[in-house]
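Visitor: Residue strings, one per chain:
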Amino acid sequence: MKYAFYPGCVAKGGAPELYDSTLAVAAAIGLELVELTGAACTGAGVLSERNPELADTLNARTLAMAEKEGLPLMNICSTCHGVFSQANARLKKDPEYRARVNQHLAPEGLQYSGTTEVKHMLWVLMEDVGPEKLKSLVTNPLGDLKAAPFYGCYIVRPSWVLGYDIKPERKHYLEDLIAILGAEPVEYQGATKCCGFPILTMNRTNSLTMTGTHVSEATEKGADCMVTPCPLCHLNLDGGQVEAAGVVKKHLALPVLHLPQMVGLALGIPRDKLGLRKNLVDTGPVLEKVLGVNR
Amino acid sequence: MEAKVRVARYDPDGNRDHHFDEYTVQLAENAMVLDALIDIRENVDETLSVRCSCRSAICGSCAMRVNGKATLVCNTPMSRVAPNGEQITVEPMGNMPVLKDLVVDLEVFWNKVKAITPWIQPEGPKPEREYIVADEHMQNLINTVQCILCGACVSDCTVLEVDPSFMGPAALAKAYRFAADPRDGHKQERLELYSQASGMWDCTHCFQCVEVCPKGVAPMDWILELRREAEAAGLKDHNGVRHSESLAHSVKESGWLDEAKLAMDSYGKFSDKLKLVPVGVRTILKGKMPKTGPFHHKRPGAEHVTRIFEELEGKHS
Ligand code: FES
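So the protein sequences, as listed, match chains A and B. Under the working numbering, think of the first position of the first sequence as 1, with each following residue one higher. Under the working numbering, think of the first position of the second sequence as 1, with each following residue one higher.
These aren't lab readings, by the way, just hints derived from the structure by calculation. These numbers come from a predicted model, not from an experiment. A virtual CB, placed ideally from N, CA and C, is assigned to each residue, including glycine. Watch out, some of these pointers could steer you wrong.
Claimed, not checked - Below, simulated DSBU-like cross-link-like pairs (lysine-lysine); rule was C-alpha separation at most 30 Å, straight line:
no.: 1; chain 1: A; residue 1: Lys68; chain 2: B; residue 2: Lys236
no.: 2; chain 1: A; residue 1: Lys250; chain 2: A; residue 2: Lys2
no.: 3; chain 1: B; residue 1: Lys215; chain 2: A; residue 2: Lys167
no.: 4; chain 1: A; residue 1: Lys250; chain 2: B; residue 2: Lys273
no.: 5; chain 1: A; residue 1: Lys221; chain 2: B; residue 2: Lys286
no.: 6; chain 1: A; residue 1: Lys12; chain 2: A; residue 2: Lys146
no.: 7; chain 1: A; residue 1: Lys250; chain 2: B; residue 2: Lys269
no.: 8; chain 1: A; residue 1: Lys12; chain 2: A; residue 2: Lys119
no.: 9; chain 1: B; residue 1: Lys298; chain 2: A; residue 2: Lys12
no.: 10; chain 1: A; residue 1: Lys146; chain 2: A; residue 2: Lys68
Said to hold, decoys possible - Computed footprint of chain A on chain B, listed as stretches where at least three residues anywhere in the stretch have a Cβ under 8 Å from a Cβ of chain A:
no.: 11; region: 158-165
no.: 12; region: 215-229
no.: 13; region: 249-257
no.: 14; region: 292-301
Start from the sequences and build out the full structure, keeping to the hints where you can.
Guide: Structure representation (structure tokens):
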């Protein structure tokens with residue numbers, strides 16, 4: 001299984017542990033990744049908001065790079081995934097629009113004909129690798145760990161852009177994956193809601209209330225950790241948890257794992273390769289529960 | 001078909017708190033969720049309160065949550081929400097107080113709509129006859145005028161859950177409808193009003209309203225359009241604008257995000273920038289180092305990203 005790999009900005013910047021754990025898990029599973037080092041930021045929805053055609057053109061450029069490789073595009077960020085999926089839907093649907101966008105790609109020798117398939121790593125794991133193979137690779141079942149899934153808006157909505165109508169099982173991939181890895185998914189209201197990150201600088205109180213509410217609800221439901229396929233959600237849920245606790249006036253200390261960190265633990269990948277020391281909320285309690293050791 | 005329905009119940013005059021009752025009724029194959037509720041009320045439990053009128057997805061009175069998602073129950077087929085005869089859960093809309101069972105008090109909703117001045121305020125001399133508007137000027141408004149004021153978007157808005165003062169998706173979509181109407185003479189004041197606290201910049205971009213709107217209005221799209229209008233009208237002193245400008249600048253110059261700079265640029269006030277210090281310190285203490293080193297570099301091919309920006313900046317389709 002070979003993919004054009006789009007790591008996104010945060011995995012190369014504020015969340016290097018996501019990048020490292022992705023590569024470690026890909027190697028363990030046998031996913032061959034060709035990193036698109038020259039691809040631009042998707043604009044995280046903000047650029048589409050400013051100038052839709054500009055954002056679509058930059059994303060068409062990345063889709064064209066994958067197309068040129070003849071590979072599906074794997075990303076590791078719910079937000080990047082949603083932005084790509086939305087742009088891809090518009091570009092596939094409208095050949096005239098695509099032709100207009102392609103004029104801006106031509107000077108670089110690129111052209112997008114609308115064939116690239118966009119897949120988040122979560123979908124790659126559940127659809128391409130598949131539950132059976134994943135199960136067979138689990139050497140270190142996560143035992144009685146209780147994990148609260150947190151999807152990130154862009155991998156959930158709008159559902160029709162993300163193919164939920166054709167594959168309704170996508171609604172519960174995170175829960176399914178948690179179970180495959182031997183842990184127990186925690187059911188709570190927050191799983192598909194907004195983490196608040198997009199408005200952190202516009203309305204800090206609202207943003208951190210969202211994070212605080214979801215983290216405290218997951219904690220009350222017995223979660224030992226959260227797991228998210230979105231590094232932007234991670235910035236709020238993990239990075240902003242201390243401040244969120246202050247806003248919702250609760251004690252919060254819930255480790256938040258990136259998707260491949262959790263998969264890596266179950267596959268028996270050495271914990272240093274998963275960057276678990278870099279999460280801002282101490283992941284020690286998770287390691288203790290899973291491995292019986294704290295660091 | 002057999003329909004199994006779990007219904008949220010609440011009677012302010014009764015002696016039970018909020019609870020669920022379960023019913024099973026026989027319906028025609030093409031029945032809607034509303035048919036199940038009416039059947040229950042008519043034949044099983046006359047104490048059930050349901051609000052509906054047109055039964056044709058026009059009046060907007062039957063919005064409620066089915067399996068956790070707001071929808072018009074009069075055009076939600078049972079076969080779609082329970083394809084294999086599963087039990088469905090019906091609850092009243094969220095973000096509004098429940099009056100009884102499935103009926104909510106819409107006053108919160110109406111107050112938000114009223115607050116945006118939802119009527120045209122023309123300026124200048126009156127035309128002799130009607131105001132003439134070119135067709136292309138109304139194209140942008142078609143989506144928003146399709147709103148039937150059912151409240152589904154307000155019900156599921158993630159911002160309203162944490163902050164009832166937010167203007168909300170329905171009112172802001174309507175706000176766009178009037179701000180962009182060529183017959184209106186108060187666009188600037190409108191944009192100023194909608195840019196204030198609890199306005200357009202508080203939307204998180206979560207797509208809930210796009211997902212649940214039964215009429216394809218996609219309120220969020222129009223909130224974002226309002227932001228573009230506000231920026232174009234010179235209303236730039238907002239963290240939302242600073243954030244958006246800094247992000248665009250960073251991608252234009254280097255191909256990707258300079259996260260630290262983006263965070264700093266987004267706050268207008270120095271005292272707000274200081275709020276970044278604790279998380280910055282925690283990040284450094286944890287040894288988080290960008291994969292490309294401590295300084296922000298250009299991505300390979302960044303010159304093409306810059307070129308694309310130059311070719312398309314200022315263009316808006
Ligand atoms: S009853 Fe009128 S919209 Fe459903």
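Visitor: Are the hints correct? Go through all of them and say.
Guide: These are the hints, each one checked on the structure:
Between Lys68(A) and Lys236(B) the CA atoms are separated by roughly 40 Å; this puts the pair beyond 30 Å, and the hint is violated. For a cut-off of 30 Å, the pair hint linking Lys250(A) to Lys2(A) is broken: about 45 Å separates their Cα positions. Under the criterion of a C-alpha separation no larger than 30 Å, the hint pairing Lys215(B) with Lys167(A) is consistent with the structure, at around 24 Å. Distance restraint check for Lys250(A) and Lys273(B): the Cα-Cα separation of roughly 24 Å lies within the 30 Å cut-off, and the hinted pair is therefore satisfied.
Distance hint between Lys221(A) and Lys286(B) is fulfilled; the C-alpha atoms sit about 28 Å from each other, no more than 30 Å. Of the pairs offered as hints, the one joining Lys12(A) and Lys146(A) holds, with about 29 Å between alpha carbons and a cut-off of 30 Å not exceeded. Between Lys250(A) and Lys269(B), the direct Cα distance comes to roughly 28 Å. Compliance with the 30 Å bound is thereby established for this hinted pair. For the hint pairing Lys12(A) with Lys119(A), the CA-to-CA distance comes to about 19 Å; that is within 30 Å, so the pair holds.
Restraint check: the Cα-Cα separation between Lys298(B) and Lys12(A) comes to about 13 Å, which is no more than 30 Å; the hinted pair holds. Note on Lys146(A) and Lys68(A): the hinted pairing is violated, with a Cα-Cα distance of about 42 Å set against a maximum of 30 Å. Judged by the Cβ-Cβ criterion of 8 Å, the region 158-165 of chain B is covered by chain A as claimed, because 5 of its residues qualify and three suffice. Residues of the region 215-229 of chain B with a Cβ under 8 Å from some Cβ of chain A number 3, which satisfies the need for three, so the listed coverage holds.
Requiring three or more residues with a Cβ within less than 8 Å of a Cβ of chain A, the coverage given for the region 249-257 of chain B holds, as 5 such residues are present. Proximity of the region 292-301 of chain B to chain A, defined as three or more residues with a beta carbon under 8 Å from a beta carbon of that chain, is established by the 4 residues found.
Violation of the numbered hints given earlier is confined to hints 1, 2, 10; the remaining hints are satisfied by the structure.
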